[in-house]
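A.B. asks: Here's the letter readout for the chains.
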Amino acid sequence: MSPERTSLVETWSSEPEDPRDILAYFPRRLGAALEAVKRLENWEEIRLRAGRPLGIWADDQLHLVSPTGGMVVSREMALIVQRDDLIETISLMTGGSAYALEGEVAQGYLTLPGGHRVGVTGQAVLEDGRVQRLIHPGGMNIRRGRELQGIALPLLAELRCAGRWSNTLIISPPGCGKTTLLRDLVRLVSDGDPERGIPGRRVGLVDERSEVAACHRGEPTFDVGLQTDVLDGCPKGQGMLMLLRSMGPDVLATDELGRQADVLAVREAVNAGVSVIATVHGTRISEVRRRPYVGQLLEEGAFSRAVLLNRRNGPGTLEGVFELC
Amino acid sequence: MLKLFGLGLIVIAGMLTGQLCFMQLESRYRDLESIRGGLRALATEIDYSRKPLPVAWRELAEIHDGAVSGMFDRAADLFGSEGASTAGQAWALSVRKCREELSLTAEDLRILASLGPTLGASGGSDQIRHLQAVDERLVGQMNEARDDSRRRGRLFRSLGLLGGILVAVVLA
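Listed in order, the protein sequences are those of chains A and B.
Start counting the first sequence at 22; every next residue gets the next number (our numbering).
Start counting the second sequence at 597; every next residue gets the next number (our numbering).
Hints may contain errors.
What the hints assert, rightly or not - Residues from chain A that face chain B, not an exhaustive set, calculated with beta carbons under 8 Å:
| # | residue |
| --- | --- |
| 1 | PRO48 |
| 2 | TRP64 |
| 3 | GLU109 |
| 4 | LEU113 |
| 5 | GLY117 |
| 6 | SER118 |
| 7 | ALA121 |
| 8 | GLY159 |
| 9 | ASN162 |
Said to hold, decoys possible - Covered stretches of chain B (in silico footprint by chain A; criterion: 3 or more residues with CB under 8 Å from a CB of chain A, positions within the stretch not fixed):
| # | stretch |
| --- | --- |
| 10 | 640–650 |
| 11 | 717–723 |
| 12 | 753–766 |
Just so you know, the hints here were simulated from the structure itself, not pulled from any lab data.
Heads up, the beta-carbon is just placed ideally off N, CA and C, and yes, glycines get one too.
Generate coordinates for the entire structure from the input sequences, incorporating the hints supplied.
C.D. replies: Here you go:
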């Protein structure tokens, strides 16, 4: 394996999608300011917080935006986001229909067409100890979804063993490109790579948060491969078992393992001879080993490869591909 | 002969006036019936497919005839425009704009507009409750419209005919 290798940052630099497609989801006041921002194409996150300045996270720093779209340093000159702006933004993002995404919003996020992920904060309303909904929204963080084809190519050889895909865990802190890498990996596993003599495989993708395939009414808007079946918006554990029983996948893929049900499903898949590719939050393998459920899988040897990402040289910096067992 | 023909025309005009008034009453019932059917279909879309309102409105406008089709279509067009950044605002605006085209009373329109503040603003089961509450009130309005149409419709038609005859007799 290759500890401390080069980075994939160069291959992450192309941006095929229109960076301004997001503007339709903002009320006029905010949309007009954002539209006038000169380097909007570099946006990674747009942050709205009630009573605080409108901010864009780009080029590894937060820029405050003025009402005319200028980048300003002083808070006084920045456009201050009002609570009504947040309410209108949520309304535009949900198509004016809170019920359509109530499950997601109760968990503090929603996903827009194009795979952009929106985190929402506010006052939680609990029933039986579980968050039912968020009222009085206080802040939003819109994280950009990216489709970058070819970024997983340099890793293919290391993720295969004896003609099979290794059970692989992609590990990184948030914002380092786990989901983007998983998306391209799923596409490549599904389509294969004739140049390297890798045949395409049937892939089952459980996309609980609609971030990987960015499905719109059941159809993926990102290219996740010809042989990929996507179960959209379904809990991972349940979804993996459903795909395993009904779609006959060679490889199962999912984003952000964490719950006990996810672990049980991964164990079931691995024991059934199906390869699993998944992501998990973390900075080091040792850290993931200490986590309650996913750590258990690592101890059992369910995963044989780990891909570590960080943002040392920007999102998608590859720390290395490591053998786990 | 010509005089007789003229008097006949007066009687027919009276009858038609009465019939027109009756049809006006009937069309209120039909409009309410169409809107009620559309709102019930909307409740099903919300409950079963969880489609966002602008999408559901557009789809239902295509498969429904009558008053509700235009009302849904207009609400879908208005959503996201100035003053209609919530579905409830788009609905309230649509109800207001459709007022001229429909035979609804001020009370009918008030009931429909009362959906505005809650439409799309809460979870699925809550939305269904609001739609059911409006449906119940619309049933009341429909019953009233039907009774009105039966009672006053007969009266208008008789008055039209009798009025025509009366004018004809006076002129004769």
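A.B. asks: Take the hints in turn and mark each one as holding or not.
C.D. replies: Checked hints:
no. : hint    : verdict
1   : PRO48   : holds (6 Å)
2   : TRP64   : violated (22 Å)
3   : GLU109  : holds (4 Å)
4   : LEU113  : holds (6 Å)
5   : GLY117  : holds (3 Å)
6   : SER118  : holds (4 Å)
7   : ALA121  : holds (5 Å)
8   : GLY159  : violated (18 Å)
9   : ASN162  : violated (20 Å)
10  : 640–650 : holds (count 6)
11  : 717–723 : holds (count 6)
12  : 753–766 : violated (count 0)
Of the numbered hints given earlier, the model fails hints 2, 8, 9, 12; all others are met.
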